[in-house]
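Protein sequence lines, in the order shown, are assigned to chains A and B. In case it helps, my numbering puts the first sequence at residues 2 to 316. In case it helps, my numbering puts the second sequence at residues -9 to 109.
Do not take every clue at face value.
[What the hints assert, rightly or not] Below are the DSS-like pairs computed for lysine-lysine, each with C-alpha atoms no more than 30 Å apart in a straight line:
(1) B:72 with A:33
(2) A:66 with A:238
(3) A:14 with B:36
(4) A:33 with B:92
[To be verified] What follows is a list of derived Cβ distance ranges for each label pair:
(5) B:59 with A:22: 23 to 31 Å
(6) B:104 with A:13: 36 to 44 Å
(7) A:77 with B:94: 33 to 41 Å
(8) B:81 with A:206: 34 to 42 Å
[Claimed, not checked] Which chain A residues face chain B? A few, computed with CB under 8 Å, are given here:
(9) 24
(10) 25
(11) 82
(12) 85
(13) 94
(14) 95
(15) 98
(16) 176
(17) 178
(18) 182
(19) 301
(20) 303
(21) 307
In short, the hints are calculated from the structure, not lab data. The model shown is predicted, which means the values in this text are computed figures rather than measured ones. Note that the Cβ used here is the ideal one computed from N, Cα and C, for glycine as well.
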Amino acid sequence: MPVHELEKSFQQKIDNEVKIEPKDWMPDAYRKTNIRQISQHAHSEIVGMLPEGNWISRAPSLKRKAILLAKVQDEGGHGLYLYSAAETLGMSREEMINDLHSGKAKYSSIFNYPTLTWADIGAIGWLVDGAAIMNQVMLTRTSYGPYARAMVRICKEESFHQRQGFEILLVLSRGTAEQKGMCQDAINRWWWPSLMMFGPKDSESTNSDQSMKWKIKRKTNDELRQNFVDMIAEQIKVLGMKLPDDKLKWNESKKHYDFGEINWDEFWQVVKGNGPCNKQRLDARKKAWENGEWVREAAAAHAKKRAERQKEKAA
Amino acid sequence: MNVIRKFYYGDIPEDKTGGTIVSKETKTDWPLWEVFIRSKQGLDHKHAGSLHAADAQMAIENARDVYTRRMEGVSIWVVESKYIHASNPEEAGELYEPAVDKIYRHPTFYNLPDEVNHM
């Protein structure tokens, strides 16, 4: 079949909501876009463990420690689901990890911000995971089968993350004046970076059109961001806290909240690697990889020995 | 140009020839395993996903950690991905063609009087 015929039948499948599976023919650009998006998503889950891991040993109670451990372990699991999905497109795990370590592959910029107080762990669960869920719920319907399936699994697990985050803040919001202050401060610092998680404005996003046509994405950055603002602007009332935006206001005619302008200079600075923790995060990942070298080697050696022993037994 | 790539098994592209992205890795990594989970006694094992592990024992232990953190399983099967053979989607037409015109294999093909219609 000539290429344009293949492309036509490919687009037809997408239009008819038929999922694309690994063995199916797909345009190179579709494969590439998915590899890029899924692997960067995987990297985000893995790097995302770092800011939270920072608080595991300092969580205020045994209960909170156990919860945070479970959450961070989930993020590791999510990274693995996604790496596996990306591998079905033909890129090896090791290459993806190399690309992360060399800086060639990006991860979500949000993880380049520091976690200064315990309230940050609440704000991350509520805002950062909340923003991620917005995106991920959409992606359960993405056109590439393995990606969609990974997202279904992830979404099931994520809702606990957001709820535990909100609960941390709820407890603080009902606490002492100092705890309330801590709660508000964390919200102040995490609000704008959370909005940036949805990416550049639609008018400036280069990959969006094609991704929509291929149903890799099903909502635009701005649509998702608006949904998120509408949700959080209501939820914050329960906390009795304020979002740090004077322009935040319900717009009756649009049936949406209006909100202020994001600091795009900051966004691009962090993307380019000049965020508060970019270097620290990458260094931590590289160190973990290097320090794990002997474990990987030992496991391989052990497996080899065991296989040989079994062969001897059989002989 | 050969645009139709033949893949070994469903989820694992042969020789890792992923379009223009050609794997440069030569070092042998831990092999890839496919994981199947039985969610409760009486149900089939169902494909849950894949993971890397040095051997079967480690694959089962990793599968426990990755796919059953919330009691999703009571039994795990793992098999190295390279041992799975899969049908080719390009040949789906011919492969399933024999079933297409045999609607009499379905119970709804038979119109029966109302009295026995719950048969």
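Consistency of the hints with the structure:
no.	hint	result
1	B:72 with A:33	holds (24 Å)
2	A:66 with A:238	holds (27 Å)
3	A:14 with B:36	holds (26 Å)
4	A:33 with B:92	violated (41 Å)
5	B:59 with A:22: 23 to 31 Å	holds (26 Å)
6	B:104 with A:13: 36 to 44 Å	holds (42 Å)
7	A:77 with B:94: 33 to 41 Å	violated (52 Å)
8	B:81 with A:206: 34 to 42 Å	holds (39 Å)
9	24	holds (5 Å)
10	25	holds (5 Å)
11	82	holds (6 Å)
12	85	holds (5 Å)
13	94	holds (6 Å)
14	95	holds (5 Å)
15	98	violated (10 Å)
16	176	violated (31 Å)
17	178	violated (38 Å)
18	182	violated (35 Å)
19	301	holds (5 Å)
20	303	holds (7 Å)
21	307	holds (6 Å)
Violated hints, in rising order: 4, 7, 15, 16, 17 and 18; the structure is consistent with all others.
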